[in-house]
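J.: Residues per chain are reported as follows:
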Amino acid sequence: MEDGLREIVNTDRVIHEPARLLIAAILYELEGADFLYLLRETGLTKGNLSSHLARLEEAGYVKIDKSFRGKVPQTVCSLTESGRTAFRDYRKRLQRTVDSLPE
Amino acid sequence: MDSRIENAGRRTRRYWYDDGLGEMAKGAIFLLMGLAFLLQAEAPQGALPRLFPAIALPVIVFGGILLARWLIPAVKARLTYPRTGYVAYQPATTGRKLAIAALGLAVATLIAILVRGPEARTLIPVVEGLFFGALFFFLGHWLGLVRFYAVAIVSVLVGAISYLGGLGLDRSLAAIFIVVGASLILSGALTLRSYLHHTRSSPQV
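Chains as they are written, first to last, in this note's numbering: chain A, 1 to 103; chain B, 1001 to 1205.
Bear in mind the hints are in silico, worked out from the structure with no lab data behind them.
Below, simulated DSS-like cross-link-like pairs (lysine-lysine); rule was C-alpha separation at most 27 Å, straight line: (1) A:LYS66 - B:LYS1076; (2) A:LYS71 - B:LYS1076; (3) B:LYS1026 - B:LYS1076; (4) B:LYS1097 - B:LYS1026; (5) A:LYS46 - B:LYS1076; (6) B:LYS1097 - B:LYS1076; (7) A:LYS63 - B:LYS1076; (8) A:LYS66 - A:LYS46; (9) A:LYS63 - A:LYS92; (10) A:LYS71 - A:LYS46; (11) A:LYS63 - A:LYS46.
Cβ-to-Cβ under 8 Å is the rule here; a few derived chain B residues that face chain A: (12) ALA1008; (13) GLY1085; (14) TYR1086; (15) ALA1088.
All C-beta atoms in this analysis are idealised placements derived from N, C-alpha and C, irrespective of residue type, glycine included.
When you get a sec, could you build the whole thing from the sequences and use the hints?
T.: Now the structure itself:
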């Protein structure tokens, strides 16, 4: 199998899923974002978003802090260092894969 | 989904400007600076008010920035975050801060070299207009916000008109800062109105 195509097989399936990729892409630009922002930016349902965040948290890519802003509960999500590394590696791997594909 | 992934970076950078508050704050600082220049232009020679801008400008710029850094997040916490969510941007790295400082120094040095001499000083309004035009054009391009292109055009036009109208240096600078400031305030206010119209507070999820 060609190296480029082998990259597809070995890709990080946690990040590779489109919804989780979008969440990671958004959080990569930020120090953190709350659930409401992610809900609006991803267009996912609450249940769907919660599920994907849980998967990312389980993989150690996202940290979820539940706190209060005044009296209002707030859930703030941020990428961990391993999450940032995973996203960068995924981007590089994807670029190599695309570059290796025939015209 | 695909276009959201492609545009994720730009959309998150742009979010700070979605409510128009940042623009209005910048506009207020520009406007106050313009009024300081106007005071200098209109005060008689030798009068104490002519010295006012020398004292006021640093206070307006640094004080305005400090005030905005406290006030804007406080207003966003009441107005923006309950509607469209909270984000925390990454702090600028030391390298980026140094790069911005170096760029500012380079631009100031270039302007100082270009406008040496009494004849060339009359070109300062044009140079200022072009500088702000380039700045807002870049901002508009980086953020994907068309309204900053409009502010860029206004900046260039007011610089050119001030020069062609022979307003003199102080009045020209006053005109540029007042007009650009008013443009930013108007742009920000219209953006805020649209933002409030299209969004509503959500119970925290």
